[in-house]
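Participant: One line per chain: the protein sequences are F and R, in this order.
Take the first sequence: its position 71, counted from the start at 1, is 71 in the numbering used here, and no numbers get skipped.
Take the second sequence: its position 92, counted from the start at 1, is 92 in the numbering used here, and no numbers get skipped.
Simulated from the structure, these hints should not be mistaken for laboratory data.
Since the structure is predicted, the reported quantities are computational estimates derived from the model, not experimental observations.
It is possible that some hints are incorrect.
Unchecked claim - Ranges between beta-carbon positions, derived for each pair:
id, chain 1, residue 1, chain 2, residue 2, range
1, F, G118, R, M72, 35 to 41 Å
2, F, L144, R, P61, 36 to 42 Å
3, F, A147, R, P61, 42 to 48 Å
4, F, V47, R, P320, 47 to 53 Å
5, R, V60, F, E143, 39 to 45 Å
6, R, M72, F, P117, 41 to 47 Å
7, R, G194, F, P59, 31 to 37 Å
8, R, E51, F, H50, 23 to 29 Å
9, F, N146, R, E99, 19 to 25 Å
10, R, K150, F, G118, 54 to 60 Å
As the list claims (entries may be wrong) - Each computed DSBU-like pair below joins lysine-lysine, with the alpha-carbon atoms no more than 30 Å apart:
id, chain 1, residue 1, chain 2, residue 2
11, R, K131, F, K94
12, R, K135, F, K63
13, R, K150, F, K94
14, F, K94, R, K135
15, R, K131, F, K135
Idealized CB from N, CA, C, for every residue including glycine.
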Amino acid sequence: MLYIYYGDKENVINRSDIYFNSTYQDEWLDDELVREMILYVDRSRVVSAHLIESPVLGPIGPKDLSGGTKTLILMYKDKEHIFNATNCGNNCAKWILEIAKRGDLTICLQHNLDFGPGYFEAVVLNNRQMIHNMKELLDVIFELENAE
Amino acid sequence: MRGKHTVRVSDNRVRYEFTIKRNITVIRGDSASGKTTLLEMLDNYVRLGYESGISMECDVPVDTYMADDRRMDWRTRLEASEGSIVFIEEMNSFIRTREFAEYIAHSDSYYVLVTRWSLKNLSYSVEEIYKLTEKGRYPKTKQIYNGLEKYYSFHTDREIMNIYKVITEDSGAGNQYFDLYCREKELLCENTDGNSNMIKAIRKSLQGMLCIADGAAFGSYIDECIQYLRYARKDCVLWLPESFEYLILRSGIVKIPDLGSILEDPSDYIDSKKFTNWERFFTFLLVEYSKETVFAYNKAELNEYYKSEGSRNKIEKEIPGQVLEVLK
């Protein structure tokens with residue numbers, strides 16, 4: 001299940017790009033889902049734990065992945081921390097839903113991330129409200145912002 | 001700062017070229033679109049100059065503000081960069097504060113904010129929100145050439161029908177102008193008294209609406225608004241002219257020296273230290289040049305002159321056909 005905390009929250013990793021560089025494990029790059037996310041978001045192919053082929057930058061290492069991809073990998077691999085999904089563009093949204101299908105995932109969100117027109121399930125932790133689509137998410141965000 | 005400034009930055013693999021023309025520019029977009037690469041290249045050049053191996057060209061100084069630096073407060077840092085185009089990296093939380101909004105209202109710098117936050121304290125234009133896009137490749141050098149593309153496209157193929165109400169963000173002259181049409185067509189016309197209430201009005205409405213707001217100051221609300229229209233209110237339509245005053249200026253009703261040049265390239269005439277957004281400049285221009293004339297412009301109360309058929313005919317020429325169909 002996806003759990004969303006909307007707004008500012010303490011003890012969230014906001015600079016997940018820097019956090020990733022200091023904490024990632026080589027074996028994460030062997031994971032099939034990690035490779036798929038890198039291919040989809042960064043359009044880059046993992047050759048080995050230390051080598052990724054980027055169509056723009058050429059041969060790169062994991063530290064050169066985009067901030068969005070690094071955040072997705074951390075959301076998937078590091079369950080001890082909450083990461084700020086505002087590091088993620090809309091092209092990361094479907095992967096957040098995919099990670100949440102594989103196990104509980106709590107994220108912090110500070111922008112209008114577009115999860116697309118389809119059905120999805122998430123709980124907004126601010127008011128414990130279950131949502132099933134973008135309209136419901138927008139309604140909850142509106143209520144939270146206007147209650148402040 | 002005033003005017004348009006083109007920034008060109010490149011290394012052996014990537015080249016960026018784009019023009020900045022207002023005090024606030026926002027870059028957002030998908031992950032891996034090159035935002036961080038651009039900032040890192042600029043930052044390396046700013047710190048190391050030609051020793052970075054990066055080429056950078058711009059007719060004004062360029063500076064960067066990367067991750068929040070706990071050793072120095074942002075104000076001190078930005079004061080040292082006055083007179084520059086300052087690129088501010090994602091997740092620098094000070095850009096969401098009222099203090100930052102107050103600071104840049106009188107700053108001589110242009111700011112390029114790489115962020116997905118809406119930044120409700122800032123007044124910026126929907127026209128200056130961009131995403132980075134690949135424009136092509138140079139075959140010889142294999143360099144990829146990137147530029148900026150407007151993030152929001154307002155072209156709509158949505159059929160505008162069943163509109164029963166027009167709402168304007170403007171509670172004064174703009175609202176009174178559009179109310180003239182609504183009365184004739186028996187449409188409701190209301191105002192939201194500010195941009196922040198536009199979403200509230202859209203949510204509350206039971207039927208289709210035409211929503212009108214000043215594009216020059218609607219940047220921080222556009223993301224939420226567009227998503228609402230996409231996912232919740234497909235029967236509502238958004239029209240964002242630069243501002244109502246801009247429409248009047250373009251209509252040519254008020255004679256102003258060099259008006260053609262001003263409207264063609266406003267950035268040359270708008271000092272970022274004096275005007276927080278272009279809407280304020282256009283209002284200033286209109287008020288200044290119309291005062292003590294029959295068409296003296298008052299933002300709070302629409303002068304009768306602008307309600308005349310002749311004036312309306314001129315202003316109507318600046319209104320898109322789809323919108324006019326709703327109004328007439």
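Participant: Could you run down the list of hints and mark each one as holding or not?
Facilitator: Evaluation of the provided hints:
1. For F/G118 and R/M72, the Cβ-Cβ distance of about 45 Å falls outside the hinted range of 35 to 41 Å, so the restraint is violated.
2. At roughly 41 Å, the beta carbons of F/L144 and R/P61 sit within the given window of 36 to 42 Å.
3. Between F/A147 and R/P61 the Cβ separation comes to about 43 Å, which falls inside the hinted range of 42 to 48 Å.
4. For F/V47 paired with R/P320, a C-beta distance near 51 Å keeps the hint of 47 to 53 Å intact.
5. Between R/V60 and F/E143 the beta carbons are some 44 Å apart, a value that agrees with the proposed interval 39 to 45 Å.
6. Distance hint for R/M72 and F/P117: a CB-CB separation of about 45 Å, consistent with the stated range 41 to 47 Å.
7. At roughly 52 Å, the beta carbons of R/G194 and F/P59 sit outside the given window of 31 to 37 Å.
8. For the pair R/E51 and F/H50, the supplied restraint of 23 to 29 Å holds, since their beta-carbon distance comes to about 28 Å.
9. Between F/N146 and R/E99 the beta carbon distance is about 23 Å. The supplied range of 19 to 25 Å therefore holds.
10. Checked against the hint of 54 to 60 Å, the pair R/K150 and F/G118 fails, with Cβ atoms roughly 27 Å apart.
11. Proximity of R/K131 to F/K94 is assessed by CA-CA distance (about 20 Å); at most 30 Å being required, the pair is judged to hold.
12. A hinted pair counts as satisfied when its Cα atoms are at most 30 Å apart, and R/K135 with F/K63 qualifies at roughly 26 Å.
13. Between R/K150 and F/K94 the CA atoms are separated by roughly 24 Å; this keeps the pair inside 30 Å, and the hint holds.
14. Taking the CA atoms of F/K94 and R/K135, the gap is about 26 Å. The hint holds against a cut of 30 Å.
15. Among the hinted pairs, R/K131 with F/K135 is consistent with the structure: their alpha-carbon atoms are about 25 Å apart, no more than 30 Å.
Going through the hint list in order, the structure does not satisfy hints 1, 7, 10.
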